[in-house]
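S.K.: Spelled out, the chains give:
Protein chains: 2
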Amino acid sequence: MRDLFHEELESITADHLKMATLIRDAIDSATKAILNADLQLAERVIADDLKIDEIQHALDERTISLMARQQPVASDLRRLVSSLRISADLERMGDLAHHIAKLARMRFPNKAVPTELETIIAEMGSAATRIVEKMAVVVEFNDVSRALEVDKDDDEMDDLQRKLIGTLLSDDWNNSVEVAVDMAFASRYYERFSDHAVSIAQRVYYTETGEFAPKA
Amino acid sequence: MRDLFHEELESITADHLKMATLIRDAIDSATKAILNADLQLAERVIADDLKIDEIQHALDERTISLMARQQPVASDLRRLVSSLRISADLERMGDLAHHIAKLARMRFPNKAVPTELETIIAEMGSAATRIVEKMAVVVEFNDVSRALEVDKDDDEMDDLQRKLIGTLLSDDWNNSVEVAVDMAFASRYYERFSDHAVSIAQRVYYTETGEFAPKA
Chain A
846 MRDLFHEELE SITADHLKMA TLIRDAIDSA TKAILNADLQ LAERVIADDL
896 KIDEIQHALD ERTISLMARQ QPVASDLRRL VSSLRISADL ERMGDLAHHI
946 AKLARMRFPN KAVPTELETI IAEMGSAATR IVEKMAVVVE FNDVSRALEV
996 DKDDDEMDDL QRKLIGTLLS DDWNNSVEVA VDMAFASRYY ERFSDHAVSI
1046 AQRVYYTETG EFAPKA
Chain B
846 MRDLFHEELE SITADHLKMA TLIRDAIDSA TKAILNADLQ LAERVIADDL
896 KIDEIQHALD ERTISLMARQ QPVASDLRRL VSSLRISADL ERMGDLAHHI
946 AKLARMRFPN KAVPTELETI IAEMGSAATR IVEKMAVVVE FNDVSRALEV
996 DKDDDEMDDL QRKLIGTLLS DDWNNSVEVA VDMAFASRYY ERFSDHAVSI
1046 AQRVYYTETG EFAPKA
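The listed protein sequences derive, respectively, from chains A and B. Counting from 846, one number per residue, gives the positions in the first sequence under this note's numbering. Counting from 846, one number per residue, gives the positions in the second sequence under this note's numbering.
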């Protein structure tokens, strides 16, 4: 029974990694879509979000059924509870990539991102991609030291958001309020995306060590 | 054993209601703080958010320990999993009230809300208060028909947000970009607050009926 249990745990992790791969593609494509006003790419991100939701739904059902059948205690139970929370965070990351793609679609055929913010949006996109990739390594290998790095990468994302908002509010800003509001929301989506990756890394840290991750 | 189990379930619900009361006060006070540039009130909301987090933390520990001790199956297990998710949504609602209070604090001694948006922010605040109150009734009495009403109230919140964003983007808007960005974020916090209440109501609906709530 125990072996079957650990096999099932591994298959849960495999599904988390499948979600992480889809989310990585989603945030990467959403960033390209919003930078280049690429409607087709935006539509694909929006459609693919359903796949992420479906994996989460099926995975949660399997996790709960595993709880019911195996009646795990102590650390195994905590691991399953943590799995449910990780899949909820992953699902939300997919939503946030989807929100960015929707901004691209909403402004098409115009570009949602004004020239002077292209670099910083590209940087937020790269940071998000890097964070989700690192988070996937944390999930795959229960890598506690890498978990702490995700927190540092998130600080970088927060700095990028502050810089973007600073640009919107500077005297040099000569775009419309609409563009400012769009970009404020976009920066918020990237920042929340990154927060959820941190939350996942922290759960892995806690499950592995029994302690809360120290603040970076 | 079963009786003890149901007593513990009731005590979990009692904690959810305690959180809901704190959140109701938080969103109500945050709205007053942002409308009146009331720093003291804003500080109180920010400090009280820790209480909500503490209740959630202790409650989740108790819920997981109940899972481990009682080894519930089928509907009882689903109820406990649902409890963990409800407390996560409640905790996030507390965060969102806290974000609104922080906007009030950040702009103090100025008012964060410009005169022409006072009415709509007040309406979003009232809607949020009404929604959290209704959600509390759903949680307390497992009230399935009331759960559907929460979804309708959320549509109203979405309309208010669209109206607010419309005002920011209209030709009549003559406030700064900073005010527009602040108000866009505030509206997003109210809208997300309401989404989490819907999510809680839908979980109760699902737990009670075994079916997903129909879209309002």
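It should be emphasised that the hints constitute simulated quantities derived from the structure, not laboratory data. A few of these clues could be false.
Copies of one chain are not kept apart here, so a pair can be met inside one copy or by any two copies together.
Stated by the list, open to error - Restricting the straight-line Cα-Cα distance to at most 30 angstroms, the calculated cross-link-like pairs of lysine-lysine (BS3-like) are:
no., residue 1, residue 2
1, Lys956, Lys1060
2, Lys863, Lys979
3, Lys1008, Lys863
4, Lys1060, Lys896
S.K.: Cα distance capped at 30 angstroms. Does lysine 1008 pair with lysine 863 within a copy, between copies, both, or neither?
M.R.: neither (33 angstroms within a copy, 39 angstroms between copies)
S.K.: Using 30 angstroms as the alpha-carbon threshold, which applies to lysine 1060 and lysine 896: within, between, both, or neither?
M.R.: between (34 angstroms within a copy, 20 angstroms between copies)
S.K.: At most 30 angstroms between CA atoms: does that hold for lysine 863 and lysine 979 within a copy, between copies, both, or neither?
M.R.: within (14 angstroms within a copy, 38 angstroms between copies)
S.K.: How would you label the pair lysine 956, lysine 1060 (within, between, both, or neither) given a Cα cut-off of 30 angstroms?
M.R.: neither (38 angstroms within a copy, 33 angstroms between copies)
Checked against the numbered hints listed earlier, the structure breaks hints 1 and 3; every other hint is satisfied.
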